[in-house]
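Using the sequences and the hints, build the whole thing.
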Amino acid sequence: MALQPFLALGAILFGIGLYGALTKRNLIIVLISVEMMLNAANINLVAFSHFAVTPNVDGQVYALFNIAIAAAEVAVGLAILLSFFRIRNSSDVRDVNLMKW
Amino acid sequence: MIGLTWLVPVLPLAAYIILLASGRRMGEAVAAGISVTAVFVSFLLSIGIVGDVAAHGPAAPTVYPWLQFGSGSAGTITVGYQVTSLNALMLLVVSLVSMLVFLFSRSYMRGDDRFSRFYQYLNLFVFSMLGLVVSPNLLQFYIFWELVGVCSYLLVGFWYFKPEAAAAAKKAFIVTRIGDVGLFIGIILLYLSRGTFDFNTLFGAASAPSGMMIHAAAPLAYAGAKFFSLWYIPFAGWHAGAFVTLVALLVFIGAIGKSAQFPLHVWLPDAMEGPTPVSALIHAATMVAAGVYLVARMFPLFEASATASETVAVIGGFTAILAASIGLTQRDIKRVIAYSTVSQLGYMMLAMGVGAYVSGMFHLVTHAFFKALLFLAAGSVIHALDTQDLFEMGGLRKYLPVTHATFLAGALALSGIPPFAGFWSKDDILTAAFTSGHYVLYAMGLIAAFFTAAYIFRVYFLTFSGVYKGDRHPHEGGPAMTIPLIALGVLATIGGFINTPFAPILGNFLQDQGPIGFNPPANWALMAVSALVGLGGIWLAYTLYRTEEGRAERFAQRAGGLYTLSFNKFYVDELYSLIIVLPVMKIAGIFQFLDRWIIDGIVRLAGEIGYTGGVGVKYSSTGQVQTYGLVTVFGLAVMVLIVIGIGGVI
Amino acid sequence: MANALQFLTFSDVWRSMGPEIIVIGGAFLIMLVELFLPASLKRVSPWLAVLALVASATVLVIRLGAAVTTYSTPAYIVDDFGSIFKLIILIATLLVILLAIADRSAESLPYEYSYLVLFATGGAMVISSGVDLVTLYVGLELLSIASYILVALYRKSARSAEGGLKYLIIGSIASACILYGLSFLYGVGGSTNLGQIGVNLQSGWTNYSGILYLSLGFVLVGIGVKVSVVPFHLWTPDVYEGAPTPVTAYLAVVSKAAVLAFFLRVFVWIYGQKFGQWGDIIAWLSVITMIVGNIGALPQRNVKRILAYSSVGQVGYLLLPFAAVGSSTLLNDMWQALSSIAFYLFAYMFMTIGAFAVLAKVAEARASEDIDAFAGLYRRSPFLAGMMALFLLSLAGLPLTAGFFGKFMIFLVAFNAGQYWLGVILFATSAIAFYYYFGILRAMFTREPAGDQERVRSSPTLVVVVALCALGTLALGIAPSPLMDVLNGLHWFG
Amino acid sequence: MLFGFPITGETVAYFVLALIIITSGVFLMTLRNVMHMALALGGVFLGVAGIFIILGADFVGIVQVMIYAGAITILMVFSLMLTHSRRKTDEEPEAGGLRGTVTFIGVAVVVGAILLVVRKTSWPVSPTALQPFHQSTVLLIADALFHTYTIQFELVSALLTTALVGAVIIARKEEQ
Amino acid sequence: MADVLLLLILIPALTALLIMALSPKAEGMIRAIGLLGSLVPTAFAIAAYAAFHHGATALQYPFSVRWLAVANAFNMLTLHIQFAFGVDGISMPLVVLVGIVSTLSFLRSFTVTERVKSHYVWMLFLTMGLYGVFAASDLFTFFFFLESTLVSSYFLISIWGGERRHYAATKFLIYRGVASVVLLAGLIGLAYSFAAQAQTASASVVLPNAPNFLTLSIPQLIAEVQLIQLPAAAQNVLFLVFLLAVLIEEAFVPFHTWLPDTHENSDTGTNMMIGGALMKIGLYVLLRFGAELLPLGLQHYATLLAVLGVISILYGALVAIASRDWRRLIAFSSISHMGLVLLAIGSMQAIGIQGAVFMLVSSGLLTALLFFTVGAQADRTRTFTIGDLGGLSKSLPVISGVMLVAALGSVGLPGMSGFISEFSLFVGGFTTFPALSAVGTLGMILAALYLLYAMQRTTFGPVQTLVTEMPDASAVEYVPMVVLVFLVVLIGVYPDVLGNVVHGTAQAIAARIGG
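Here the protein sequences come in this chain order: P, H, X, F and U. So in the numbering used here, spot 97 of the first sequence is number 97, and the numbers just go up one at a time. With positions in the second sequence counted from 1, the corresponding number in the numbering used here is that position plus 1000. With positions in the third sequence counted from 1, the corresponding number in the numbering used here is that position plus 2000. With positions in the fourth sequence counted from 1, the corresponding number in the numbering used here is that position plus 3000. With positions in the fifth sequence counted from 1, the corresponding number in the numbering used here is that position plus 4000.
None of these hints come from the bench; they were simulated from the model. All clues given are correct.
Pairs of lysine to aspartate or glutamate, EDC-like flavour, derived with a Cα cap of 20 Å:
1) H:K1618 to X:D2372
2) U:K4025 to X:E2448
3) U:K4394 to U:D4472
4) H:K1398 to H:D1386
5) H:K1398 to H:D1471
6) H:K1618 to X:D2370
7) H:K1162 to H:D1389
8) U:K4394 to H:D1112
9) H:K1469 to H:E1392
10) U:K4025 to U:E4114
11) H:K1162 to H:D1113
12) H:K1162 to H:D1386
13) P:K100 to X:D2370
14) U:K4117 to X:E2448
15) P:K100 to X:D2372
16) H:K1469 to H:E1549
17) H:K1469 to H:D1389
18) X:K2156 to P:D92
19) U:K4394 to H:E1164
20) X:K2156 to P:D95
21) H:K1586 to H:E1574
22) H:K1586 to U:D4325
23) H:K1469 to H:E1553
24) U:K4394 to U:E4469
25) H:K1162 to H:D1112
26) U:K4394 to H:D1113
27) H:K1162 to U:D4388
28) U:K4025 to X:E2454
29) U:K4117 to U:E4027
30) H:K1469 to H:E1548
Now the stretches of chain P that chain X is said to cover, found in silico as 3 or more residues with beta-carbon under 8 Å:
31) 31-38
32) 84-93
Glycine included, C-beta positions come from ideal geometry on N, C-alpha and C.
Put into structure tokens, the structure is as follows:
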């Protein structure tokens, strides 16, 4: 195997996540999509860790940090979402529209 | 006495300041007393000065530095006074006529709300006029030149509540202003070429007035001529003659404006809206003659340019006949005399143009006497009748005997009937025109003389002969009015003898430093012709207005279009308003429109575009976070394409 | 373990990270204390935070100018660059907390904000000193996540929650972009350490320029979102409007300063070698940011949104020196650019927080952030009106205020670098900005107050915050030399 | 040969996993049923874990399974059900129409650019590439974590605390 | 005496602070203190004027303190910014003009009844700014005061203005704001170019003691300009920058539309300040920086200046003819007059430059007088519309008399300051641009046309106003009228009172630009 397929996989996953984050109407799915983008970055990191010019474990550690941070982000995101849901009784991203113009 | 010349203008100024300071509180008698006294002393001083000049010749100018803007004499503007024979003569004439008019006004303006204000303005005017006369340099001359214009403006508009008076004042100022700008440019050009404003230096030493220094001045000393640009007209490369002509014509434009010559004559008849003493003093005897005086003062300049001289003569001759022909048909007594003034000033210009320096000045003097007389007499009539319409008068001979007698003297003088003053001077001019070979101009002058006699006797017959048509009880206005009339009447009668061909006293006086211009020889035949022409004019007036009722009307009908043209002053005013005033107003309107809607419109549009951009930015913030993300993605896409472009991938 | 020879001693860490330790440790401490405090005593916790900040700043200042310290591998560096940013962050946080203490309006912030802010500030400080991709990213996320929470802290307010959501969504997308970009950097650089990457890339630029530029693009976009560079700024007015005003001030100042530090650190150390190739991107971003930010404020009626757009415009000014020096080969020019950025940040901090402080009070009194709420303020509170006038004039860049010298310095940089056109845009947009700044001034001074004429009473704390900001604004405007001399004497990256 | 790569177990595993990840991702974008979505989500995360393991990052793979495929997926599913709106807004067409197309174009450009760059870059073939780590990576990671990345590790703890406390503060019910 | 200029700045500023401390209800006190705060500096200014050393070319009454230094501002040079004052023959008269106009405006402001306290505070700040602008001898100090005038006038217009005051104030702000930033760019550019040139020059032997710092100090720059010459290309660019700023600042066509709007919507006291003093800044800048420091640039663009000047003369006059509001008319009239100054500066002659200063002073006094009288009549008739007025001479003889004096003065009547100014300007103009100047003289005729037309409609003719019985000038109103008329006549009759101070500097400048 070589590096490119993994990077390509990461790119595609990043794209899927980005697309989801921008089009899905359910806020939770939006959050999930963002997680997929982070996963894509992790694939990159781990792949580089494995294949890079000087293979080292730093990429894996970095990925681990990212996983932790992503989990925290998800937690906060869901909390804010719940708060929002409680007030507006909606989890539709298009209802996040009080403030504009 | 010459050392006291400064006092001559300063006395009226002092009177002005006293009157100004005391405001309305001052009584009529006091105000008039102070003013008359001041001018009277000025008059006495002037007599002394004339005596001095006659005895010892002119004095060197006395000057003081006034404004410094550069180094050396060229960088310093001075003020002061100077007495030459010409100045002295003018001083005398001005102070004399002023004094008499001041006296006359005492009665004429009696009871006016702003009596003291009237004298105030008059004093200011006399100060300015005298200051103009004694100016040793062009700049100071111009300053007083403008000041007399302002006084004229103030006095014409004295009865400001009459819309006609207000309009006339404005018109007088603006029309003369046009001329003044010409003079202004002329002065600057003269200064730039000669580096001085002083009359003496401009034309070389005072003792050699005819040696034209201007000729020698080429190439012109243009200080800043080294900067060449698209807009720069290199005068330095001009033939000096062309430059001289240009300057002379510019100066003459000033004279045209002030002396109401064609085509700027339109203001003077309107200026009759002012009180009659004003018309007598300013618009007959003194200020309007300043244009002639200017040409006389700058005579060497005009002598140096044949073109300019010809122009002066032609304009003068044309104005003389044009104004006279208008005078034939006017109904307003003052307007007739005003057109007469325009016409007579034309004669003076004609004289100057053909080079008859002395004749022109001579006519200026006699004209001052008889025209002031005519105006004052007309004033007396108006004062008695309270109307200016000739056709509401008549038969005043028995009500106003003094006025009648003096008016008759003035009319005869104006008509050029020997031995009245006007005969000698006018004949002098006609002779000069003829002898110098300007036959056409001579003919024009002759015809104008015929008209002159006709219109003034038309006035005379309509006013004083026949029966009074009104219902008032006219009477003389008291000694303050009659004394000036009598004094002027005497002058109008005998004033011509100061320069008869047999005894050219004035000529000698004016040419005490050497001959100036062209002195026409006595010509008996021409004298007879002009006298006859004058008589013919009187006969015509008599025939039309004294022999048969309605003859004049029939004659007018027969004349048809000509009569209408003359009655409507050849439509010059209408023409001007059509081709100048209206377009200027229209252009101003268009510019204002441009300003408001195009230039400011563009400004506001720019503002609107910015603001609209802001509104665009505002509404780009849709509140939809996914839209923001979408924009971000496109930003990302563009950014990625750019960077990988830079990186050399695509 | 063979290579586990390097043991961490506390004194090592303390020496390099003292201020951060105080801030983060303080945050933990306050969190614990807060848990056990009775409700009536909870209001001391912000003051504890103030204490922690002051202590941290003291330590920081004492160490300012000391020799550069690096910690392990090195992942952390204490250089003047980091210190100066930390100083800005600490002062700004202090002011914000004071403002939050003063802002005791109806929907007041829960006291938890005091340690949340400290955590965020800790993250911000770490960003300033981090020289490791992991450090930087963790610090960034610490700041961001704490910020998301802070924005959404008005639990009963739909706007607050909505602001939090928006910020969270757009912020995590940005984080993902940054991370994705950094992953390439790691891959090509072979290390997570910036210094190491820099060394490795001496040769790497030729082989991997495509990848490096790709990572540059992603990181740039991510940072662009976080500091609201046009066209990635769209969230800014919404989030600023929704957030509690002290938090808005925090986002506008601390968050921006920290992310800017991230940007400068990474871009100077890594991508700086090829700055000549891509510097124009920054220039263009700066230009459109200045223009759009200032134009966008024109039609706004909500003062908070006006200030939001204004802060977008200010980001353009902040980017400008960096864009300008790109072509210069003189290291000195780079230092000059950095000091002008730092100076402007100081100025920006004082005037922005001051403006938000006044806004908070006025909005509270009128229960509206509309410009009409400012009508006749000179009558209702001459003090606030005068101070607001000062801040606005400073934002507009009029002399004798900090904002003027800030812009002046930036202009000097552009001029010195020969980038006249950037200077022109800077001034042109400043002139546009007059319109809306003076719009607020006009409302305050020329209009009569609508409705009740009651005086706005400012609490002592608010007076202190506003006065401190005013003092800073004026001091930097009248006597900028001391700060300028300090900045000029810095060694930046050691 | 499979798409230019020699057919080894690894290659096959890669393609299978890639297929799973992408398919699950696409499904996630289109599915509506909560359970199906959960399944797809799990597919993505598990697939990524598999990829990690192929890459020799066994520890990261395990963590991925535990945190993502386990915790986060479950959290998400619960949240989905918790916030299930009675207003049926989810029934409306989602990504369809212009917006979806435009987004797709933007994303496609970005992804295309990445792929292009990745393709055009000549990556080094390191001799140690295939098997860099001869033992489990756990020890290496532990070593790195506690020596190289100590500060970051501590910071993450602060971050997690913040997130935890913050989430509680935001999400808790009003107590009065 | 040495620090008199500093006092000019400080007194108004401190007075403003003092007034701020007073209760807004103590209106009488505020008025008295405000008047005093403007009167005392005026007295100082006049004293300084009287003691002005005519022959000297150096700046007089110098005062300077170092404000700050910016390290590595350019090529490793340090930029020194000073707080410095000093006047020469050009700025001295303008300083006195500020004093006189401001004091009289304060008198006029006695009629302001709304928000008296703020009014006086802003007026005092404006006064301070104006003094500072003309007294500054450091580009930076100059800029600071320039901006301060911007803010204070903005509020004066915006609070006490007429119907569309917000629009006018914003327009004023944006235009002048743009002008001042352009100016700042020019100022910095100037300093840089000089420093760069000095560096090169000192490398050779031309300039042995080139300062090792960048200076914004005017005397220093003037000293440098005598030793080194900036390259023509740099001068041209910088001159264009300055010119752009001046065109906007001084409301030359086509950047003028803000001025009529401003005047139309400001109260009389503000109009006196703006028309009388503020509107002189732009041309002062042109003389100071354009002519004095960039001689080659001026030479290069002299024709452009003249053309722009003539355009403004004619355009302003023509639009003034069609103006229906007195204040707009005065605004356009002042545009027209300032066009003359531009033409004269373009002429590069000593007399032209002297005339320019004369015109600045003269038009300052006359504009203030016109605004004052027009405002005084409007206090009584409640209208500025020319068409609604008529026959004012009847009920307001004094005011209309003075109005007439002002109008005639503006027309350029000899015996008043306008004439000698116009004359000097045109002597300069005709020297270099005869044809253009000849076109420009049309402006003299048009000026008579619009001013006398308006006068005729306003003061002459039958009474048209709604109010017929009105009190004439009050004692307070007499003071400004008498003072201004006196000064206008004084300069007209004895111009050396101004010329003595101006002509040394004017010659020095002209010598530099080769006139």
